[in-house]
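2 protein chains.
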Amino acid sequence: MDKLELLRHAVITVLKEIHGYSNSRKQEHIFSELILDKEGDHYLCLDVGWEGKKYIYDPFIHIDIRDNKIWIQRNFTDFEVEQRLTDLGVTKEDIVLGLHSPFMRQFSGYGVA
Amino acid sequence: MDKLELLRHAVITVLKEIHGYSNSRKQEHIFSELILDKEGDHYLCLDVGWEGKKYIYDPFIHIDIRDNKIWIQRNFTDFEVEQRLTDLGVTKEDIVLGLHSPFMRQFSGYGVA
Numbered sequence: 001m002d003k004l005e006l007l008r009h010a011v012i013t014v015l016k017e018i019h020g021y022s023n024s025r026k027q028e029h030i031f032s033e034l035i036l037d038k039e040g041d042h043y044l045c046l047d048v049g050w051e052g053k054k055y056i057y058d059p060f061i062h063i064d065i066r067d068n069k070i071w072i073q074r075n076f077t078d079f080e081v082e083q084r085l086t087d088l089g090v091t092k093e094d095i096v097l098g099l100h101s102p103f104m105r106q107f108s109g110y111g112v113a
Numbered sequence: 001m002d003k004l005e006l007l008r009h010a011v012i013t014v015l016k017e018i019h020g021y022s023n024s025r026k027q028e029h030i031f032s033e034l035i036l037d038k039e040g041d042h043y044l045c046l047d048v049g050w051e052g053k054k055y056i057y058d059p060f061i062h063i064d065i066r067d068n069k070i071w072i073q074r075n076f077t078d079f080e081v082e083q084r085l086t087d088l089g090v091t092k093e094d095i096v097l098g099l100h101s102p103f104m105r106q107f108s109g110y111g112v113a
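Protein chains in written order, with the working numbering: chain A, 1 to 113; chain B, 1 to 113.
Worth double-checking, as some hints may not be accurate.
Since the list gives no way to pick out one identical chain from another, each pair is judged satisfied if it fits inside one copy or across any two copies.
What the hints assert, rightly or not - The list that follows gives simulated cross-link-like pairs (lysine-lysine, BS3-like), each with its CA atoms no further than 30 Å apart:
1. Lys38 - Lys3
2. Lys53 - Lys69
3. Lys69 - Lys38
4. Lys53 - Lys92
5. Lys54 - Lys92
6. Lys16 - Lys92
7. Lys53 - Lys3
8. Lys54 - Lys69
9. Lys69 - Lys92
10. Lys3 - Lys69
11. Lys38 - Lys16
12. Lys92 - Lys3
13. Lys16 - Lys69
Since the hints were derived computationally from the structure, they do not count as laboratory data.
In isolation and in its complexed conformation, chain A is listed as follows:
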């Protein structure tokens, strides 16, 4: 498996795990979406719809692959995504915490852009 394939496999595995878990709390007017754009390398989970009279739009995890690195752009879950990715063979240097500011990333122990 070449590097890009390894990164994609790891990201898709983690997203499917998270989606499978979150999708267990279904509601009639909420779509629980697993979005896998394999051409653009954008991967996310979100809930969208209506809970009674309240409009819900909640992209709770978003990961990109860019220049052979995994960018964690958003993670509002309790899943330890970085840990799970490294368990799946991704090195810490290949994970960029997009959630951290460009300046702070050098201190994160993970990759930089």
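Start from chain A and add chain B according to the hints.
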């Protein structure tokens, strides 16, 4: 072109137009993403990254195709998306305004689920 192909073509055309426009205001640490998940039929544009010390996460348009209908889940742009879709051959009955509550949709002049 069968119906699903027509819907996909219309949605992708509109998203590319919107992305091309929004992408013209580029910034160093902002990714301006056009997300096209053609298998799951989820289509969105979003900006993610850092503007100085501020974290930006802005999915400004999101359209799904589900059961042969176009669902406009979110539109924070000035584009008249419904009008553009009908110009491209989509009927109003095949557009569901997910942004409107399930109850209010029957009064929208557009489709219902």
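Of all the hints given earlier, name the ones this structure violates by number, lowest first. 7
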